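**Student:** Please model the complete structure; the sequences and the hints are all you need to start from.
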Amino acid sequence: MAATPVRIDDPADPRIAGFVSIRERDLTGRDGLFIAEGTVVLRVLGQPAALVNGFAAESILLLENRLSGVADILASFPNTVPVYVASQAVFDAVAGFNMHRGVLALGRKPPLDRTASLMDRLPEKSLVLAGCGLSNHDNVGSIFRNAAAFGADAVFLDETSCDPLYRKAIRVSVGSVLSVPFSRGLAAQVMLERLAAEGFEIWGLSPRGAVSVSAIPATRRIALVLGTEGEGLPENILSSFRTARIPQRPGLDSLNVATASGIALYQIALAMGRVG
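full-length UniProt numbering puts the sequence shown at residues 1 to 276.
Be a bit skeptical, because a hint or two may be false.
[Claimed, not checked] Pairwise CB distance ranges (calculated):
no. : residue 1 : residue 2 : range
1   : S135      : A12       : 45 to 53 angstroms
2   : D72       : P217      : 43 to 51 angstroms
3   : N79       : P234      : 46 to 54 angstroms
For the record, the hints were derived by calculation from the structure and aren't laboratory data. Since the structure is predicted, the reported quantities are computational estimates derived from the model, not experimental observations. C-beta atoms are modelled at their ideal positions from N, C-alpha and C, and glycine is treated no differently.
**Tutor:** Encoded structure:
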C-alpha cells in the first residue's frame with residue numbers, strides 16, 4: 001500500500017531536496033541516488049526485477065494532476081516510500097525547467113562495479129552485451145532497451161562508458177536499465193578476459209568484422225561487444241577476439257551502435273531460440 005500523499009508548496013522544502021535542479025545534478029551526481037522520470041520508468045522501479053538488481057525508491061514527486069492516473073503504480077511501492085505532490089509552478093521550480101511529464105522518483109543505486117557477483121548469477125546458457133567507451137546516453141538507453149527486448153541476461157560496461165543511471169539513459173531505455181542486470185567499472189580488456197574465463201565466446205562487432213553476424217554459432221555463452229560511435233572498438237580488442245559485421249550496402253561507414261546492437265541481438269537471440 002502506498003504512502004498517503006503529502007502536498008509540497010515550497011520548492012525549497014528539504015523533503016524534496018534530492019529533486020532540485022535536475023539537469024545540473026545529472027552532471028554533478030547525487031551521491032548514490034538517481035532520478036527516474038515518467039510513468040513507464042516509475043512502474044519498472046516498483047517491480048520485483050528492480051529490487052533484485054539492487055534498486056530502491058527513496059521518494060516520489062508528482063504533479064498534482066497526475067496523482068490519480070498513477071494510483072495503481074504507487075500501490076506497488078511500500079508505504080515507507082514518501083509520495084509528494086506539487087503544483088505545476090512548484091514542480092517546475094524544483095526541476096529547474098518545465099517538467100511536463102510530472103512524474104519523478106528518487107532512487108538509490110547499487111554499487112556499479114558488480115562484475116564478479118553478476119557473473120556468478122548468470123545462467124548456464126547466457127547472452128550478454130559488453131560496451132567499451134559508450135559515451136552517448138541516448139545510445140546506452142537504447143542498447144538496454146534492445147537487451148530487454150531480445151532477452152539478454154546482462155550488460156557489462158567498461159570504466160570509460162557513461163553511467164546508464166543518468167536520467168536520460170533511463171528514460172530512453174523505458175526503464176530497462178533497472179530491469180536488465182549490469183555492471184560498470186573495469187577496464188575493457190580485463191572485463192572481456194573475465195567473460196572469456198567464464199566460458200563466453202567473445203564477438204566484437206565492427207564494420208571490419210571477419211564474418212557476418214548470421215555466421216556466429218549459437219554456443220552456450222555469447223558476449224557481443226560494442227564500441228563507441230565513430231571510432232568503434234579499439235584495435236587491441238579487435239585483434240584479441242573474434243569479430244563479426246552486419247552486412248550493408250556500400251557507401252555508408254557504419255550503423256549507429258544502438259541500431260547495430262538491436263540487429264545483432266535479434267540475430268543471436270533467434271539462433272539461440274530466445275525469440276521467434
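**Student:** Evaluate each hint against the coordinates.
**Tutor:** These are the hints, each one checked on the structure:
1. Remark: the range hint 45 to 53 angstroms for S135 to A12 is contradicted by a beta-carbon distance near 34 angstroms.
2. Hint check: D72 to P217, Cβ distance near 45 angstroms, so the stated range 43 to 51 angstroms holds.
3. In this structure the hint that N79 and P234 lie 46 to 54 angstroms apart at CB holds, the actual value being about 50 angstroms.
Consistency note: the structure conflicts with earlier hint 1 alone.
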